[in-house]
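Peer 1: Protein chains in written order, with the working numbering: chain A, 1 to 340; chain B, 1 to 340.
Keep in mind that the hints are not guaranteed to be accurate.
The list makes no distinction among identical chains, and a pair is therefore deemed to hold if it is satisfied within one copy or across any two copies.
Derived DSS-like pairs: lysine-lysine, alpha-carbon spacing no greater than 30 Å straight-line [what the hints assert, rightly or not]:
| hint | residue 1 | residue 2 |
| --- | --- | --- |
| 1 | Lys-122 | Lys-329 |
| 2 | Lys-288 | Lys-147 |
| 3 | Lys-78 | Lys-201 |
| 4 | Lys-288 | Lys-216 |
| 5 | Lys-175 | Lys-75 |
| 6 | Lys-175 | Lys-190 |
| 7 | Lys-216 | Lys-299 |
| 8 | Lys-75 | Lys-299 |
| 9 | Lys-83 | Lys-170 |
| 10 | Lys-308 | Lys-78 |
| 11 | Lys-5 | Lys-201 |
| 12 | Lys-78 | Lys-216 |
| 13 | Lys-190 | Lys-83 |
Simulated from the structure, these hints should not be mistaken for lab results.
Number of protein chains: 2
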Amino acid sequence: MVLAKVWTLTRRPNGIARKEDFACIEEELSPCNDGEVIVEAEYLTVDPYMRFMTRRIPLNSAMIGSQIARIIESKNAKWPVGKHLLCHSGWRSHSKISAETLELSDSWAGCMELSDIGDLPKSLWLGILGMPGITAYFGFLEICQPKAGETVLVNGAAGAVGSAVVQIAKIKGCKVIAFAGSEEKVAWVKELGADYSFNYKTTNVGEALGQAAPEKINCYFDNVGGEFTAEALPHMADFGRISVCGAISTYNDEAKDFGRAALNSPFSEGTLIWKQLKIEGFLALRWKERWLEYLEQMKKWISMGMIKYKETITQGFDNMPDAFIGLFKGDNIGKAIIIP
Amino acid sequence: MVLAKVWTLTRRPNGIARKEDFACIEEELSPCNDGEVIVEAEYLTVDPYMRFMTRRIPLNSAMIGSQIARIIESKNAKWPVGKHLLCHSGWRSHSKISAETLELSDSWAGCMELSDIGDLPKSLWLGILGMPGITAYFGFLEICQPKAGETVLVNGAAGAVGSAVVQIAKIKGCKVIAFAGSEEKVAWVKELGADYSFNYKTTNVGEALGQAAPEKINCYFDNVGGEFTAEALPHMADFGRISVCGAISTYNDEAKDFGRAALNSPFSEGTLIWKQLKIEGFLALRWKERWLEYLEQMKKWISMGMIKYKETITQGFDNMPDAFIGLFKGDNIGKAIIIP
């Protein structure tokens, strides 16, 4: 009998989440039936999108999320003990996975066997080689369609996604203006190659953009939204493209939940019209069929030293809510990973 | 000596414009020098975009705008007396046009000779055959990329642009949900083929959309913006496309002028992301090179009875500001035209 620890949501957060909104319970996993496996989490992830889920999952159910796990018990010949996989079991130390889930061909709904990434840590499947990396790569290249020589604005630039966008934009020959939330982050983003790197907490965003981009901004990869985007919008060039990846500054505000009718957003119609801007929101799973293509490219760039990454590791399954809450306080540089 | 009447802007409007914001002055036009012509306006136009210009043109200068005019004096062999042209002389009864302007190949900056449109009135060059028609045709087809069977939302649907979009969407095999601002307008839009036609002044927009589009909206052609768009956004389908043509509900609000950093707009980041919406603002002149292509198509549709149009004619050059102000009060059905 395997004992699983599970973080459940016990209360809808009001504003920024608090540890008391979650509870850690124990679940006994009965032995595997035919076709089933039991896995043990090796790396878990917290991501900003989970804040939306705290408004939507049933109370007292497990928080959703992906993890990298190792099979510790198996009655499925295709998935033997010792094999690693990426699964979507949520905030659980151990999980039983059904035969049906293991058979799903859609790895974003079921499980994915991990291909060979050499000496790279398996945690990268939750970061630069996984959903955040795909988000950065396709969300920037497909939506912004950057051309060499163009000016690119990235915020949340020391995050898992933003730091990848900064580097991909430099690889593509763009001028990059990046914003992050601490001096340490700003210094790292500069190391990654950003032409300009600002601390948004100590900088007037509009003034900084006026000085750094007198030629105006062609591509804007937005992780932050809200006031930042309002300040940036007047600095867009005619025919500018905005990839709306996230809006972390708004996620704790109920009035800005998705599906609400409200007049509190930064994309002024007049500016959209007169500058002929194109704005697109997206979810990374749009490109799930192209993960392999992405992997090949990204492994190559990493091996050549052209893409660097960082992880902020939280030790201990018990600290998972803290890692999640930390996302909204700017605690992480690069990808937030939990090692249980 | 020709005496021209000219409407100038004497005061920046505060909210909806008032007649006292304008003054009608007289200008003596000296006889033509070599290469010049003098024209007399036969049809003038007022369009919502001019409200932006009232914030930008120098005070006491002529209001900008296009007109259809007839040459009444000429020292230019290519442009003889009696010929009609489309020019951008502003709110003037008579204008002198320089040789340089006549020679510009860009008809949106200079002048355009009017090609043969048979029995159709020349005023259509300011409406369905001109800028508003091009706005509707390319702004809808190129940006929304509608497919047969998709659901299309159009507001300002009895206006010059909106009424064309309703009909083009029906030609393309779409289901059309239209909103206008009076019972008379709603009835006309229904005649044009809209599957649903609502009076936004007496209808809850969100509720109406919930009932008319349970399948959600794929394409939204927005002329109105503001509260209407806020209500419509939650009813968009995944991967919906929004063509931001105009936002007339916001034009009299200084806080919503273009280029301002503000959080007062309806395009919620969360909804953009989770529905993966694409939003694009545009100016019709983007497609100016395709005017001829457009003309051929539109003349065909009109001759086949597939596109209908209306004009709201204001008689008298002296009443031009009233016609302009009327745009924002919903006075016009179809294109607002002034016959001086």
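Peer 1: From the Cα coordinates, with 30 Å as the cut-off, is the pair Lys-83 and Lys-170 best called within, between, both, or neither?
Peer 2: neither (37 Å within a copy, 56 Å between copies)
Peer 1: Classify it for me, Lys-175 with Lys-190: is the Cα-Cα distance of at most 30 Å met within a copy, between copies, both or neither?
Peer 2: within (12 Å within a copy, 51 Å between copies)
Peer 1: Since the copies are identical, ignore which copy is meant and state whether Lys-216 and Lys-299 lie within 30 Å (CA to CA) inside a copy, between copies, both or neither.
Peer 2: Classified as neither: same-chain Cα gap 33 Å, cross-chain 40 Å, threshold 30 Å.
Peer 1: Given a CA cutoff of 30 Å, do Lys-308 and Lys-78 count as a within-copy pair, a between-copy pair, both, or neither?
Peer 2: So Lys-308 and Lys-78 fail the 30 Å test inside a copy (34 Å) and across (65 Å) alike.
Peer 1: Could you place Lys-5 and Lys-201 in one of the four classes (within, between, both, neither) given a Cα distance threshold of 30 Å?
Peer 2: Classified as neither; 38 Å inside a copy, 55 Å across copies.
Peer 1: Go through the copies and call it for Lys-122 and Lys-329: within, between, both or neither, with a Cα cutoff of 30 Å.
Peer 2: within (26 Å within a copy, 63 Å between copies)
Peer 1: Using 30 Å as the alpha-carbon threshold, which applies to Lys-75 and Lys-299: within, between, both, or neither?
Peer 2: Answer is neither: 33 Å inside a copy and 71 Å across each miss the 30 Å cutoff.
Peer 1: With identical chains treated as interchangeable, where does the CA-CA distance between Lys-175 and Lys-75 reach 30 Å or less: within a copy, between copies, both, or neither?
Peer 2: neither (53 Å within a copy, 52 Å between copies)
Peer 1: When Cα atoms must be at most 30 Å apart, do Lys-78 and Lys-201 count as within-copy, between-copy, both, or neither?
Peer 2: neither (51 Å within a copy, 63 Å between copies)
Peer 1: With 30 Å as the alpha-carbon cut-off, assign the pair Lys-288 and Lys-147 to within, between, both or neither.
Peer 2: both (24 Å within a copy, 24 Å between copies)
Peer 1: Is it within a copy, between copies, both, or neither that the alpha carbon of Lys-190 lies no farther than 30 Å from that of Lys-83?
Peer 2: Result: close neither inside a copy nor across copies, 39 Å intra and 63 Å inter.
Peer 1: Are the CA atoms of Lys-78 and Lys-216 at most 30 Å apart within a copy, between copies, both, or neither?
Peer 2: Neither: 54 Å inside a chain and 42 Å across chains, both beyond 30 Å.
Comparing the model with each earlier hint shows violations of hints 3, 5, 7, 8, 9, 10, 11, 12, 13; every other hint is respected.
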